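In order, the protein sequences belong to chains Z and L.
Take 1 as the starting number for the first sequence in this note's numbering and just add one per residue.
Take 1 as the starting number for the second sequence in this note's numbering and just add one per residue.
In case anyone wonders, no lab produced these hints; they're calculated from the structure.
It should be emphasised that the depicted structure is a prediction, and the values quoted were computed from it without experimental measurement.
Treat the hints with care, since some could be wrong.
What the hints assert, rightly or not - Derived pair list, reagent style DSBU-like, types lysine-lysine, alpha-carbon separation capped at 30 Å:
{"hint": "1", "chain 1": "Z", "residue 1": "176", "chain 2": "L", "residue 2": "10"}
{"hint": "2", "chain 1": "Z", "residue 1": "394", "chain 2": "Z", "residue 2": "312"}
{"hint": "3", "chain 1": "Z", "residue 1": "10", "chain 2": "L", "residue 2": "176"}
{"hint": "4", "chain 1": "Z", "residue 1": "209", "chain 2": "L", "residue 2": "10"}
{"hint": "5", "chain 1": "L", "residue 1": "351", "chain 2": "L", "residue 2": "312"}
{"hint": "6", "chain 1": "L", "residue 1": "225", "chain 2": "Z", "residue 2": "326"}
{"hint": "7", "chain 1": "L", "residue 1": "225", "chain 2": "L", "residue 2": "65"}
{"hint": "8", "chain 1": "L", "residue 1": "394", "chain 2": "Z", "residue 2": "65"}
Said to hold, decoys possible - Derived list of chain L stretches under chain Z, where covered just means 3 residues or more per stretch with a C-beta under 8 Å from a C-beta of chain Z:
{"hint": "9", "stretch": "49-57"}
{"hint": "10", "stretch": "270-280"}
In this text, a Cβ means the ideal position worked out from N, Cα and C, and glycines have one as well.
There are 2 protein chains.
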Amino acid sequence: MIRINENYLKLPGSYLFAEIARRVTAFKEQNPAADVIRLGIGDVTLPLPPVVIDAMHKAVDEMAKAETFHGYGPEQGYNFLIQKIAQHDYAPLGIQLGEDEIFVSDGSKSDTGNFQEIFGTDIRVAMTDPVYPVYIDTNVMAGRTGALGQDGRYANITYIPCHAGNHFIPELPKEKVDLIYLCFPNNPTGTTLTKGELKKWVDYARANKTVILFDAAYEAYIQEKDIPHSIYEIEGAKEVAVEFRTFSKNAGFTGNRCAFTVVPKTVMGYTAGGEAYSLNKLWNRRHTTKFNGVPYIVQKGAEAVYTDEGRKQTRAMIDYYMANAKTIREGLQNVGLQVYGGVNAPYIWLKTPNNMDSWAFFDKLLHEAHIVGTPGVGFGPSGQGYFRLTAFGKAENTAEAIQRIQTRLKV
Amino acid sequence: MIRINENYLKLPGSYLFAEIARRVTAFKEQNPAADVIRLGIGDVTLPLPPVVIDAMHKAVDEMAKAETFHGYGPEQGYNFLIQKIAQHDYAPLGIQLGEDEIFVSDGSKSDTGNFQEIFGTDIRVAMTDPVYPVYIDTNVMAGRTGALGQDGRYANITYIPCHAGNHFIPELPKEKVDLIYLCFPNNPTGTTLTKGELKKWVDYARANKTVILFDAAYEAYIQEKDIPHSIYEIEGAKEVAVEFRTFSKNAGFTGNRCAFTVVPKTVMGYTAGGEAYSLNKLWNRRHTTKFNGVPYIVQKGAEAVYTDEGRKQTRAMIDYYMANAKTIREGLQNVGLQVYGGVNAPYIWLKTPNNMDSWAFFDKLLHEAHIVGTPGVGFGPSGQGYFRLTAFGKAENTAEAIQRIQTRLKV
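Given only the sequences and the hints, what does the whole structure look like? Please build it.
Set out below in structure tokens:
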């Protein structure tokens, strides 16, 4: 008799974005004339930059001729892209990476979801709360958690609350943990850590043989100094940290699928007997066995992001979204709402008025202002009483949404 | 202390294709003038069909404008592609599939590698021998096997030998097994099962609550009648079988990455208590949590394969490769070699002369005829004494290779 992985049964039946969709559909049926503006999902709206379009057209043409056709590529990605990543994303920060320390992939969702596979199932996992749900769901599937409690927390996971009370700066866990997920600039809160704060985590990891999975998906949105773009800016991080980056949010690749993961050869994991193994080698085995590379056309598109023109065009996209972030942040502050994030990240995290429940505020915003956002509690129990808006919309819609909040919302 | 997944340490250090590359490099260093022809790896060489190129150019242009830009798509694939698959690949065979029974993905390697995740780790797994290494390696990683024995077999796996002695027709296992991997037309042997033979497996699975993972990557190469193109042509298969298909081998997508997996809602897995759960629901949860969809551009390219022109163009590609297969098969027979496959598949599986060891024949072929193939033992212990040649080369190279075998090889 074929047995299922019963860990899947621990996952709740209804998903955050499915529930949002259900409520929006119901609202639109009752209010067919309403012009609903979506500031909920973290998807980009600007088209791909012209340099990327040109590069992809050229690559499509290469695929049309036997002499320039590309079949299977290296699972880890083409060197032409890996070299650009090392040279433009890391060398200017004083970080030297070997070409075999960078793994090109189809997305940070896949990579942050899959990376836990190379670890034992009896390790202790810690993550900030609220958090990107993929980190936790994939650990549930792997059997590293107990059941989901009434308090919205899985047993055997160390939750590190981030809220206004601690300025969204996570505290080091009191118990020893083996694996830590950190995402800064943070999704969903849009907040950041300074180098000094991130150093505490690297030091903890070095002292405890802990590995940090550092999700830097929103690195390109950093505007302020002293906010690290890469965890490897912190001394010693190459011994303990894996870093995830993506072209989704800096170059509009959400529908084009390209990302990469950095696994320095010096990051170690251990057997029960204490023998050290390089995670680079384990991840390489995983990546080459279960993945077959990113489309050639897409990698050529990603390469173009690193040209002078490409960097200008992607910078302009980020500036556009960050102008939206400013519109949202300041517009909400003007009506007396407490807001966080939106300075070094495309996410604005607002405290609901009068400690309103996240879903109640979702309904209020939808019904009074016809705006869709994301209830903070969907990202974890510490997100209760918070709400996420994103800066990825069109500028005119974003401005209209904020005006509606200012004029229609009964705060 | 972060513990690694120690199951990875059971995997052997050197891989088949790495060892081939090492030997070829050494040979070329000693013989720089030699014109080496590669008939080893299963990668295509013809460029993408013109309809696919056109569709991808159009899709790139759509990504250049805000009004037609596509960000995140459905993780399961766009309906425009799913509908074509159901309508063209299955309906003509009398197989009706719901749109939510087809999951578009980035490759059959990923899907056949990842699918085991939704099953328990204590199930009994069976696979034919020789076999596509991904099936076994991913089960090793998941902890379903013991150590690799001196005989080339992992403990706790049921190997089903396929060789000339049984006409490459696998026998039903004597012990009860829970999960069976079948690939027909077969990689690496190029052999097939008739509907009657496949029915035995479906009947076994229905009787034992076993699931069959059916890899139909080479379905488009079938020429003869009575060879099933889909396992769902067999009565009752929708209760027990999952089917994997790809655009890699029928439309040249090895560097373009698009495939799909069919999971009928009626295929069940069970809890320890015997409660039945639909695998469709479990796989949907896995696929949406750890994967973020295939690039829009690539899915538009795949859709074009189903146009009248696309079907003509891909049929011409297959005919081209199958002409190579005929060249290889008949050429080898002419020098007295025993060959299998190559009739309904792009793979030719030859018995080495005088029961020569697979690697010894590899060296002989490389040194005497300057041809690279794949040692059969690389696919499992029952592949010892066999050798794989592929029909994916250029016609002129393939003809030249066979002429060399006929004139230079000291059989």
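A quick look at each hint next to the structure:
1. Z/176 / L/10: Answer holds: residue 176 of chain Z to residue 10 of chain L is near 29 Å, not above 30 Å.
2. Z/394 / Z/312: 20 Å, holds
3. Z/10 / L/176: 29 Å, holds
4. Z/209 / L/10: Holds, at roughly 24 Å.
5. L/351 / L/312: 35 Å, violated
6. L/225 / Z/326: 66 Å, violated
7. L/225 / L/65: This hinted pair is violated, its Cα atoms lying about 48 Å apart.
8. L/394 / Z/65: OK: residue 394 of chain L and residue 65 of chain Z at ~13 Å, within 30 Å.
9. 49-57: Since 4 is at least three, the answer is holds.
10. 270-280: holds (count 6)
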